[in-house]
Amino acid sequence: MGIGLRQFAPGHRTCAGCGSAIVFRHVLEALGDDVIICQATGCMEVTTTPYPETSFKVPWIHVVFENAASVATGVKRALKAQGNNHTRVVAMGGDGGMIDIGFGAVSGALERGEDIIIIVYDTEAYSNTGLQRSGGTPFGASTTTSPAGKKIPGKQEWKKNIAMIAVMHRAKYVATANPAFWADLQAKVRKAYEMEGGTRLIHIYSPCPIGWHVDPSKTIKVAKLAVETGLWMLYEVEEGKLKINYKPKEFKPVEEYFKLQGRFKHLLGRKDIIEMVERHVREHWEMMEKVEKEGIDLPKLV
Amino acid sequence: MGIGLRQFAPGHRTCAGCGSAIVFRHVLEALGDDVIICQATGCMEVTTTPYPETSFKVPWIHVVFENAASVATGVKRALKAQGNNHTRVVAMGGDGGMIDIGFGAVSGALERGEDIIIIVYDTEAYSNTGLQRSGGTPFGASTTTSPAGKKIPGKQEWKKNIAMIAVMHRAKYVATANPAFWADLQAKVRKAYEMEGGTRLIHIYSPCPIGWHVDPSKTIKVAKLAVETGLWMLYEVEEGKLKINYKPKEFKPVEEYFKLQGRFKHLLGRKDIIEMVERHVREHWEMMEKVEKEGIDLPKLV
Amino acid sequence: MAREVMEGSQAVARIVANCDVKVIAAYPITPQTHIVQELAKMHADGLIDCEFVNVEAEFSAISAILGATAAGARSFTATSSQGLALMHEVVFAAAGMRLPLVMVIANRALSAPINIWNDHQDSIAERDSGWIQIYCESVQEVVDSVVQAYKIAENKNVLLPVMVCMDGFYLTHVYEPVEIPPKSKVHKFLGKFNYPYKLDPKKPLTMGPLGFPADYARLRKQLAEAVWNSKKVIKEVHDIYAKQFGRVYGDGLLEVYGDGSIALVAMGSVCGTIKDMIDKDELKDVCLVRIRTFRPFPKDEIVEVLKDRDAVVVLDRNISLGNAGAVYLEVRDALYDEKDKPKVVDFVVGLGGVDVNKATLNYVVEKARTVKSGHVEIVDGSEVSSSY
Amino acid sequence: MAREVMEGSQAVARIVANCDVKVIAAYPITPQTHIVQELAKMHADGLIDCEFVNVEAEFSAISAILGATAAGARSFTATSSQGLALMHEVVFAAAGMRLPLVMVIANRALSAPINIWNDHQDSIAERDSGWIQIYCESVQEVVDSVVQAYKIAENKNVLLPVMVCMDGFYLTHVYEPVEIPPKSKVHKFLGKFNYPYKLDPKKPLTMGPLGFPADYARLRKQLAEAVWNSKKVIKEVHDIYAKQFGRVYGDGLLEVYGDGSIALVAMGSVCGTIKDMIDKDELKDVCLVRIRTFRPFPKDEIVEVLKDRDAVVVLDRNISLGNAGAVYLEVRDALYDEKDKPKVVDFVVGLGGVDVNKATLNYVVEKARTVKSGHVEIVDGSEVSSSY
Amino acid sequence: MTMHEITVLGRGGQGAVTSAYVLAKAAFHDGKESQAFPFFGVERRGAPVFSFCRISDEQIKLRQQVYHADYLLVLDAALLDNVDVISRVKEGGTVIVNSTHAPDKLKSAKGINIHHVDATNIALKIIGKPFVNVIMLGAFASISGLVSLNGLKKAIDEMFASKPEVAKLNKKATETIYKSMKN
Amino acid sequence: MTMHEITVLGRGGQGAVTSAYVLAKAAFHDGKESQAFPFFGVERRGAPVFSFCRISDEQIKLRQQVYHADYLLVLDAALLDNVDVISRVKEGGTVIVNSTHAPDKLKSAKGINIHHVDATNIALKIIGKPFVNVIMLGAFASISGLVSLNGLKKAIDEMFASKPEVAKLNKKATETIYKSMKN
Amino acid sequence: MPKTKDLPGGIIIDVGSTARNKTGSWRTFRPVVDLEKCTGCGICEKFCPEGCITIKKVKGYDKPKCTIDYDYCKGCLICMEECPFKAISSVVESK
Amino acid sequence: MPKTKDLPGGIIIDVGSTARNKTGSWRTFRPVVDLEKCTGCGICEKFCPEGCITIKKVKGYDKPKCTIDYDYCKGCLICMEECPFKAISSVVESK
Ligand SMILES: Cc1ncc(C[n+]2csc(CCOP(=O)(O)OP(=O)(O)O)c2C)c(N)n1
Ligand SMILES: Cc1ncc(C[n+]2csc(CCOP(=O)(O)OP(=O)(O)O)c2C)c(N)n1
Ligand code: SF4
Ligand code: SF4
Ligand code: SF4
Ligand code: SF4
Ligand code: SF4
Ligand code: SF4
Ligand SMILES: [Mg+2]
Ligand SMILES: [Mg+2]
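Protein chains in written order, with my numbering: chain A, 1 to 302; chain B, 1 to 302; chain C, 1 to 388; chain D, 1 to 388; chain E, 1 to 183; chain F, 1 to 183; chain G, 1 to 95; chain H, 1 to 95.
Mixed in with the good hints, there may be bad ones.
Claimed, not checked - In silico DSSO-like pairs for lysine-lysine, Cα to Cα no more than 30 Å straight-line:
| hint | chain 1 | residue 1 | chain 2 | residue 2 |
| --- | --- | --- | --- | --- |
| 1 | E | K125 | E | K154 |
| 2 | G | K37 | A | K224 |
| 3 | A | K191 | A | K241 |
| 4 | B | K150 | E | K153 |
| 5 | A | K293 | B | K151 |
| 6 | B | K151 | C | K192 |
| 7 | D | K198 | H | K3 |
| 8 | H | K5 | H | K22 |
| 9 | F | K172 | A | K265 |
FYI, nobody ran anything at the bench for these hints, they're computed from the structure. Small disclaimer: the values here were computed from a predicted structure and weren't measured.
Required output: the full structure, derived from the provided sequences and hints.
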């Protein structure tokens with residue numbers, strides 16, 4: 001049986017070439033069968049459960065947009081109270097559901113150290129409602145609510161760093177992942193699965209070809225470039241120790257990444273902005289590498 | 001005129017010896033008159049504005065518990081749209097209002113880099129409703145919803161680190177303060193006031209003698225001890241640079257701090273727990289001192 | 001099964017502890033706090049074997065018990081006013097998903113201005129949602145209603161969430177004699193919670209999908225019918241409970257007290273004061289019609305007891321701003337098709353904790369004698385001397 | 001002032017841009033998204049001179065425009081369904097604070113199941129809050145109502161927030177000819193926003209204090225009266241607007257179309273279909289009574305137009321689960337005291353986007369002829385052939 | 001049917017609410033029906049607060065506040081400066097003030113009886129702290145005869161079940177006051 | 001009063017909705033009343049989608065969906081496998097399919113006229129991409145006479161105001177189809 | 001056993017039932033595998049959003065090969081793009 | 001000028017009006033300043049939650065001294081606790 005098909009059937013209504021669908025296949029494969037998924041509203045909910053059909057073959061619940069982490073809290077506590085300590089509970093949502101509107105619930109779960117896995121599949125926008133800006137949208141990207149206009153060239157704020165914010169919450173385990181590096185992704189999900197106690201959060205890059213104005217066939221290409229340009233760093237923080245999982249020998253130019261995507265079209269040739277983005281990437285890497293090198297103990301769960 | 005009285009009249013209904021009232025006096029003094037305060041529900045709202053009376057002499061608005069940062073966002077944008085670039089807008093709330101239930105709004109404002117000042121006065125519990133556990137409650141403290149019982153000895157999670165979480169949001173300026181160090185507190189508020197653009201967040205220790213079961217006369221004593229034991233670190237992060245403002249020569253024993261407070265009574269003599277707390281303090285200081293020493297560039301606003 | 005004097009909130013906590021509840025999630029808010037604190041204390045002392053979640057907001061409180069119920073654990077939360085308002089979105093979702101949650105509401109006014117005292121606006125504003133709502137008169141009734149609520153909610157033909165509404169302060173903070181039915185008896189009455197569609201890796205299913213128009217409408221109709229039909233189960237549960245535990249609240253939906261030709265229609269703790277006045281003949285020719293379940297609305301039952309009265313005086317502890325009190329509107333609808341139907345008037349009383357005392361009740365009844373049918377009046381307390 | 005074919009959402013954005021709005025804060029949700037996107041585009045292109053806030057949730061959207069209004073800036077937001085439900089707590093607070101917000105609601109069903117299509121449950125569930133609610137039939141009416149909304153809300157005798165309700169998809173996504181009144185004329189009509197109690201360091205004041213029972217009740221009564229009294233201003237504003245801009249919507253509160261003895265009472269876009277049928281004589285002996293302002297409820301006006309009919313057939317695009325449709329309940333209340341009053345029946349139609357087509361309307365009217373007064377029926381679409 | 005209404009006036013933090021609760025428990029132990037409840041404000045420590053109790057032979061249905069009490073207990077004589085106590089007592093009712101001397105500010109009207117007892121002193125002597133809220137009930141019991149000393153003791157034990165030492169001292173002080181008034 | 005109803009069937013992403021919108025604009029430019037709206041599903045790119053248009057001489061009040069169209073445009077012949085097109089057309093109505101050949105799967109019933117036009121080919125030739133949604137309106141205009149070519153051109157200009165090049169090519173292709181059908 | 005449509009609250013017990021919905025009909029381009037070039041490396045399988053590629057035994061070849069289930073393939077062509085051996089090409093779908 | 005109670009929505013224009021509420025009545029203990037010992041250092045002023053201490057000229061002394069406004073002093077005794085010169089003592093309040 002194909003990857004994830006045991007848990008996640010085809011026939012779902014995602015767009016052709018959807019990166020989130022690829023992410024779901026690998027996440028669900030890594031999670032296996034003994035799991036309950038609590039999902040936030042978003043593309044991967046609307047496209048997968050058009051009543052009376054469902055793509056899921058593992059138990060799955062959706063309530064509203066904002067509360068996946070809290071529903072998961074309740075599910076996990078219920079299992080515990082019933083003596084089931086094996087089934088893992090996963091809160092799953094997009095950047096909108098987990099970084100913006102549902103972040104209060106995510107933060108609450110992290111603060112309580114809920115024994116759940118939080119998966120953020122990050123399409124860097126509200127894909128479901130037609131590509132509006134989110135906290136996950138990168139600087140400069142044009143979205144329908146941060147359009148590249150005559151006066152304002154796309155989003156003017158930097159991407160919210162949900163992974164490091166989770167670290168500062170003393171999450172048990174924090175990792176970033178990318179479907180182009182699917183083995184790494186699956187290994188991280190599996191690691192989170194095997195752990196017990198404490199909140200594990202995995203932040204996954206999920207290209208949205210429709211929203212990003214990328215040719216559907218280039219979904220994985222773009223994902224790879226995100227890593228090769230340094231824009232998407234693969235790392236994990238375990239017991240307070242940061243480990244960067246992959247360091248490109250040389251960073252590819254950011255413009256190469258931008259070129260493939262309509263959402264950055266207006267920035268092509270904008271040296272000033274591109275340099276700013278590259279400086280930003282550099283600074284982020286410098287900070288993270290220093291933290292890794294100096295062996296700085298980040299906040300950890302007890 | 002006494003400190004803060006220009007902005008904040010007496011006759012409010014706070015308990016005798018209330019640390020939050022001391023904090024408010026200094027904060028309001030430092031903010032001056034050209035300011036609008038947007039406040040969350042909590043002790044300092046209920047006790048100060050019993051209709052038809054108000055303690056405030058500067059414009060002040062309260063809507064609900066969760067939205068101080070968002071109301072402030074609107075107020076600031078309105079001023080901007082009306083060409084007023086001088087009046088500062090402050091979102092003010094307790095640990096409940098800003099670290100828990102209203103943290104989504106705080107995080108949203110930080111993400112957008114709203115040009116506002118966020119003041120968190122942290123009584124380490126929901127004081128207004130009778131001292132329930134909050135994300136700000138320290139490990140081990142007994143509160144009415146995390147009581148020291150026969151089975152569970154008080155709160156079992158560590159205090160949520162709102163200041164460093166704000167840093168990871170690339171806040172423009174983040175600082176911690178304490179009323180026992182009132183001059184430092186006022187200087188920090190003033191610094192935040194003078195800045196323009198970007199979100200400034202100040203996290204202030206606010207002893208609640210009633211809730212903590214502390215003799216009202218010991219409010220400042222306890223506040224000082226929090227700093228001397230290392231439990232409350234005074235620092236600021238500006239342009240990504242961390243500066244620890246005060247380093248006790250030697251940390252006083254945590255037990256000295258606990259002894260004064262009924263909320264920790266059950267931990268006296270609990271060597272195991274006290275050692276754990278002290279280790280925790282040490283680790284936090286080690287991390288922060290390393291970050292300071294290595295000059296690690298923390299995330300900053302462009 | 002002796003009675004004991006205790007605080008209303010403590011009584012709630014103690015009965016919850018006896019209901020074999022497995023997950024409690026709550027957020028503090030006046031006047032609900034004592035319920036949660038009491039449960040927290042029992043939990044910390046190991047006196048109640050369940051998970052206790054100190055969530056960061058009410059939105060998460062209801063979400064967590066929704067998740068817990070879906071995963072097959074009997075659950076509990078309590079809230080009030082702003083907290084209930086914050087839950088609004090999930091309140092609707094819970095009913096739509098047909099999850100048998102039980103929630104105690106410590107009724108309190110809604111902001112603005114912020115006010116911590118009792119009225120019914122908070123739960124009345126959720127009357128569309130599909131929850132069963134039981135309004136209680138005494139602490140004892142709250143205790144009994146919590147047990148009944150689980151039994152009703154979990155009934156296979158119901159599968160609906162239930163709010164047990166108790167007046168803030170009037171019932172949450174009162175000390176009075178109350179009997180807490182013992183664990184063993186309650187367990188026997190309720191049986192084990194056995195949600196037929198629980199989340200379970202051994203029997204996977206999907207909950208909370210997207211509903212296209214035709215399916216949505218069909219599921220809503222099914223839901224609407226479930227709420228209507230729950231009347232039968234509410235009555236049955238009430239009767240069996242009455243048999244086993246010895247306490248009767250009208251027919252479970254509605255209670256009539258006295259036999260005057262003027263019917264005072266009311267809900268909640270004020271009914272006690274009205275009964276006291278009827279007992280003492282302080283309200284001439286008045287009977288009390290107490291609505292216990294505002295949802296489902298006991299339409300036929302209400303028509304039966306009201307249609308032959310001379311006048312119906314509704315006491316609304318809420319107002320649908322821009323029209324009238326919610327109870328009044330629905331009582332008038334119910335009676336609409338009767339012949340020779342009574343005059344019906346509305347008094348919106350006790351908003352934001354204004355005490356609905358004997359002076360107010362006298363004022364209302366006397367005024368009702370003189371005004372025309374359709375009279376709607378907000379009594380803010382200034383009409384009557386406060387020093388009755 | 002020529003008409004142009006454009007999308008309903010675009011028309012809303014364009015009229016908002018002409019209302020001298022200074023702060024916009026919104027969060028996307030289907031079917032409101034196009035409104036916000038259009039405004040975002042205009043903002044990014046420098047075509048509208050205002051602050052545009054991409055908040056992280058609807059709770060913050062309404063909080064931000066509340067703050068902005070309090071600080072003296074005319075503001076705007078739009079939302080729908082789950083978004084409005086999430087705002088619930090602040091919706092009540094805004095009215096209590098008497099802040100003249102204007103919000104467009106793209107009406108959509110409430111979860112669960114999640115459904116993105118049109119019904120009125122979302123805004124009906126806010127009917128208690130103290131907001132004025134205007135339900136529109138056409139895109140043109142939405143455009144005109146937005147302008148009127150600011151004028152009404154900001155009137156010193158009103159100072160209440162206003163919801164302009166437009167049916168999701170039916171109006172938000174329709175392209176049709178519409179006239180957008182030009183900026184200059186709209187500015188003149190509205191005048192500058194001059195909130196008398198704005199937050200201003202030069203004139204400090206306190207907003208949103210704690211209200212003790214007596215003060216709370218007094219302020220609520222004041223609020224209730226403000227909502228009732230706003231009927232007058234709504235009519236006046238409607239009339240002046242009609243004079244200046246040439247479009248009439250009944251008397252501003254209520255519109256009667258045709259003169260059949262059977263009155264179909266309805267709100268929103270379905271009224272267009274009903275009018276079409278009346279024009280074509282496809283509904284024998286039927287007239288349409290369109291409620292434009294459900295809040296304040298035009299009680300007296302409705303009695304006037306309904307009392308002498310043979311039958312009143314209410315179309316509710318909502319249901320208060322456990323009783324009946326909200327419009328029905330209030331229409332029955334209004335008519336209660338009439339002599340020889342008509343039979344009144346309720347049809348809950350179009351839940352979750354089920355198309356209320358001519359077949360449905362025929363079904364409803366025919367059925368209404370045979371059933372008794374008091375008949376309440378949920379029409380989920382299965383009753384009528386979908387291929388009318 | 002005889003029903004008696006009691007109001008307790010104290011300061012936030014002084015335990016006026018507990019006082020009414022203990023009284024309700026005591027009356028119940030004596031075989032009566034009872035009800036006690038606070039008037040809830042938002043005042044913090046130090047501000048005046050009221051609480052109420054009803055004692056009756058039959059089930060108590062009435063749920064309005066107590067406007068004119070049969071008995072009014074004042075835990076802190078200083079409050080008499082700020083609170084119009086007389087207006088809250090029935091004609092012919094009784095006020096019992098914790099004070100070393102007859103409260104001169106309190107002019108009897110409406111045939112109201114005024115008693116005083118130096119509860120603070122007794123509390124300091126026996127309990128070691130000025131906790132007067134519960135022990136004032138000793139005076140009430142003695143003067144009104146509406147609850148028995150035994151009932152009070154049982155109620156105190158129940159209320160302070162987790163703090164037997166506190167219960168013991170409170171019972172002792174209550175008894176002392178009870179007996180002193182009987183003389 | 002004559003009102004005509006048009007349904008456009010396409011795939012998500014193919015622009016069926018834009019097509020109906022352009023048509024509504026065109027009719028209005030011709031001095032008629034019009035209305036266009038999508039049937040909204042949650043399908044993503046690739047799934048079948050409908051959109052609707054009404055054209056009338058008088059104000060259009062009707063707001064129900066279009067059940068039986070006078071004209072039905074099929075942007076992608078492959079859809080005929082999955083969608084029962086005939087049931088959505090009025091008796092005596094017209095179906096216009098984008099196809100190289102007469103669609104054999106489509107059995108005319110109820111007196112329905114079936115036309116086809118190789119729009120994809122024309123689009124590829126003129127626009128360089130297979131954008132057929134707008135240009136299919138050329139065929140509609142030609143067959144129905146309900147909108148003028150001029151009206152269409154104006155509508156296209158309006159719809160693509162920010163992309164004049166796109167507008168130009170679309171107009172050209174529309175005209176090409178329009179004329180080819182006239183012959 | 002109860003049927004999904006008989007259950008309350010929109011619960012779905014037909015797990016994996018979207019498989020009924022053959023998304024192959026959405027396809028505009030069809031990926032075609034050149035079995036000669038395909039090494040069976042499985043890379044395409046990892047990246048197909050639909051999970052409609054399996055690497056399995058194919059008649060006439062010893063080694064397992066890329067096999068596409070056209071019932072579900074939406075024609076995104078990620079497989080073509082990612083195949084390191086250029087074993088997949090595309091043709092316009094025609095039915 | 002309008003009065004607060006005439007305004008809609010609970011708006012309060014009497015800013016600082018809690019000053020009407022003399023919280024001095026709450027006091028159980030009264031802080032008493034020993035003017036001889038007081039150096040006028042102002043530390044007590046900084047920490048008084050009520051802001052009811054001012055350091056000002058007092059008859060009979062050259063240097064300004066700690067002055068307590070007993071109208072508002074709630075008697076928390078922070079001033080006493082924090083005075084480095086032990087210049088403040090407390091007595092039981094008696095009125
Ligand atoms: C309270 C509320 N607000 C708004 C929406 C509308 N909404 C549904 S999904 C969505 C965006 C989802 O974005 P994200 O979480 O990033 O998931 P994606 O669609 O990108 O996969 C929005 C705005 C909603 N359902 N509920
Ligand atoms: C939605 C909502 N939930 C709960 C409450 C009740 N409530 C009011 S203030 C408060 C606690 C405030 O705590 P914090 O923010 O720490 O301020 P403090 O009282 O400690 O000064 C709570 C729980 C509320 N007003 N609204
Ligand atoms: S919009 Fe983006 S995330 Fe959503 S289904 Fe399409 S490609 Fe996937
Ligand atoms: S409860 Fe604590 S924070 Fe609140 S007024 Fe009293 S001392 Fe201050
Ligand atoms: S990637 Fe290419 S070579 Fe590898 S299995 Fe797929 S088609 Fe064959
Ligand atoms: S074209 Fe896309 S959907 Fe089809 S097999 Fe290749 S990767 Fe899968
Ligand atoms: S702290 Fe002491 S010495 Fe200093 S001013 Fe106050 S009373 Fe005087
Ligand atoms: S006792 Fe407290 S309130 Fe009084 S002056 Fe001293 S510090 Fe201020
Ligand atoms: Mg997303
Ligand atoms: Mg606090």
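Each hint, compared with the structure:
1. The hinted pair formed by K125/E and K154/E meets the criterion: a straight-line CA distance of about 22 Å does not exceed 30 Å.
2. Annotation: proposed proximity of K37/G to K224/A holds, straight-line Cα distance about 24 Å (limit 30 Å).
3. A threshold of 30 Å between alpha carbons decides the hint, and for K191/A with K241/A the separation of about 15 Å falls inside it, so the pair holds.
4. Of the supplied pair hints, the one linking K150/B and K153/E holds, its CA atoms being roughly 27 Å apart against a limit of 30 Å.
5. Proposed proximity of K293/A and K151/B is contradicted: the alpha carbons are some 42 Å apart, above 30 Å.
6. Between K151/B and K192/C the CA atoms are separated by roughly 26 Å; this keeps the pair inside 30 Å, and the hint holds.
7. Pair hint K198/D plus K3/H holds up; C-alpha atoms about 16 Å apart against a cutoff of 30 Å.
8. Proposed proximity of K5/H and K22/H is supported: the alpha carbons are some 21 Å apart, at most 30 Å.
9. Of the pairs offered as hints, the one joining K172/F and K265/A holds, with about 27 Å between alpha carbons and a cut-off of 30 Å not exceeded.
Checked against the numbered hints above, the structure violates only hint 5.
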